[in-house]
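Let's have the full structure, built from the sequences with the hints guiding it.
Below are the chains, spelled out letter by letter.
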Amino acid sequence: MTEFARDDALWNTALDWVMREHEEPLDDKTHTALCCWLAEAPEHRQAYEQARTVWLMTGLVPTVDEQTETSSGDD
Amino acid sequence: MREDEELLDLESVFVAHRRLCEMAASILGDRARAEDVVQDAYLKIIATNEVVTVKKPVAYIHRIVRNLAIDRYRRARLESDVFAMAEEGGQVPSASGTPEAISIYCQQLSVVAGALKQLPERTRRVFELYRVRGCTQREIAKMLNVSPTLVNFMIRDALNECRKALDSSS
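Protein chains in written order, with this note's numbering: chain U, 1 to 75; chain Z, 1 to 170.
Among the clues, some could well be false.
[Said to hold, decoys possible] Output of the computed footprint for chain Z on chain U, the stretches with three or more beta carbons under 8 Å from beta carbons of chain Z:
(1) 34-44
(2) 55-64
[As the list claims (entries may be wrong)] The following residues of chain U were derived to be distant from chain Z, with all beta-carbon distances above 12 Å:
(3) T2
(4) E3
(5) R6
(6) A51
[What the hints assert, rightly or not] Not close to chain U: a few residues of chain Z, all C-beta gaps over 12 Å, as computed:
(7) A25
(8) D30
(9) T53
(10) G97
(11) E128
(12) T136
(13) Q137
(14) C162
(15) A165
These aren't lab readings, by the way, just hints derived from the structure by calculation. Glycine is no exception: its CB is placed at the ideal position from the N, C-alpha and C atoms.
In structure tokens:
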């Protein structure tokens, strides 16, 4: 696997975890599985941290109807 | 404005503050950490207003507190089990109130807001339904009359775009 493909695969796995956590609280068994995955390699932890940050940031942006359009169109 | 009206307004501010703390405490199970999250949310909301104008601040701040509390709860749960995570994470979340942290936050927020804005309208709608409204992928699929596979794809697409935007901005 190329480095790029590996990075992509890890990112996707990290996203799976973040989305799973969002959909329902992890039970103990699933939480342990996540911990095991994270403990396996620093790359896993980095990917998860990145996914967590992206996930959090997307939750902090005001939604379309929460924001006032300050400028029309993109510049 | 009459004095009693001012007092009334002030009181509603305190009530609102207490509600936010209670909500955060119910997620975190800890009053002190809840106060922390609410303070952090206040700083973030002020910073957010520099980037985009928030139209419904009350609903918005509830969501910010909730999301920050959930994030912190999950992180704390993992950190106690995978103890090494905290030391190598790169981002140091504990210093969230410093001017530097706030300026990084502003920058990241505007990048992510920009990336979401660039999404096709339907993708953005699907993502908001999932991320903010808490709809399940199945519910969204039914609502929009598309396949759950497509919904899953659009959610990932939105997150991928935000990641790309953040990567190329740092």
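Using C-beta distances, would you say chain Z covers the region 55-64 of chain U, given that this needs three or more residues below 8 Å? Three-residue rule met by the region 55-64 of chain U, so holds; n is 10.
Exercise. So is U:R6 really clear of chain Z, every C-beta pair being over 12 Å apart?
Worked result: Its Cβ never comes within 12 Å of chain Z, the nearest being 16 Å, so this holds.
Checking the smallest CB distance to chain Z, is U:A51 really beyond 12 Å?
-> Non-interface label fails for U:A51: nearest chain Z Cβ at 8 Å, not farther than 12 Å.
Any Cβ of chain U at or closer than 12 Å to Z:D30, or is the non-interface label fine? Since the minimum Cβ distance to chain U is about 17 Å, Z:D30 lies beyond 12 Å and the statement holds.
Holds or violated: is the Cβ of Z:A165 farther than 12 Å from all Cβ atoms of chain U? Contrary to the label, Z:A165 does not stay out of reach of chain U, its closest Cβ about 9 Å off (not over 12 Å).
Is the Cβ of Z:T53 farther than 12 Å from every Cβ of chain U?
Contrary to the label, Z:T53 does not stay out of reach of chain U, its closest Cβ about 4 Å off (not over 12 Å).
**Asked** Minimum Cβ separation between U:E3 and chain Z greater than 12 Å?
**Response** holds, 15 Å
key: Least C-beta distance between Z:G97 and chain U, which was stated to exceed 12 Å   = Nearest chain U Cβ is 16 Å from Z:G97, so the label holds.
Are all beta-carbon distances from Z:T136 to chain U longer than 12 Å? Violated, because the least Cβ-Cβ distance between Z:T136 and chain U comes to about 7 Å, which does not exceed 12 Å.
With a cut-off of 8 Å between beta carbons, are at least three residues of the region 34-44 of chain U near chain Z?
Holds, because 5 residues of the region 34-44 of chain U bring their Cβ atoms closer than 8 Å to Cβ atoms of chain Z.
**Study point:** Check on Z:E128 being off the interface with chain U, judged by Cβ distance over 12 Å
**Key:** violated, 5 Å
- Item | Consistency of the no-contact label for Z:C162, given chain U and a CB cut of 12 Å | About 5 Å separates Z:C162 from the closest Cβ of chain U, which leaves it inside 12 Å; violated.
In summary, the structure is inconsistent with hints 6, 9, 11, 12, 13, 14 and 15 from the numbered list given earlier, while agreeing with the others.
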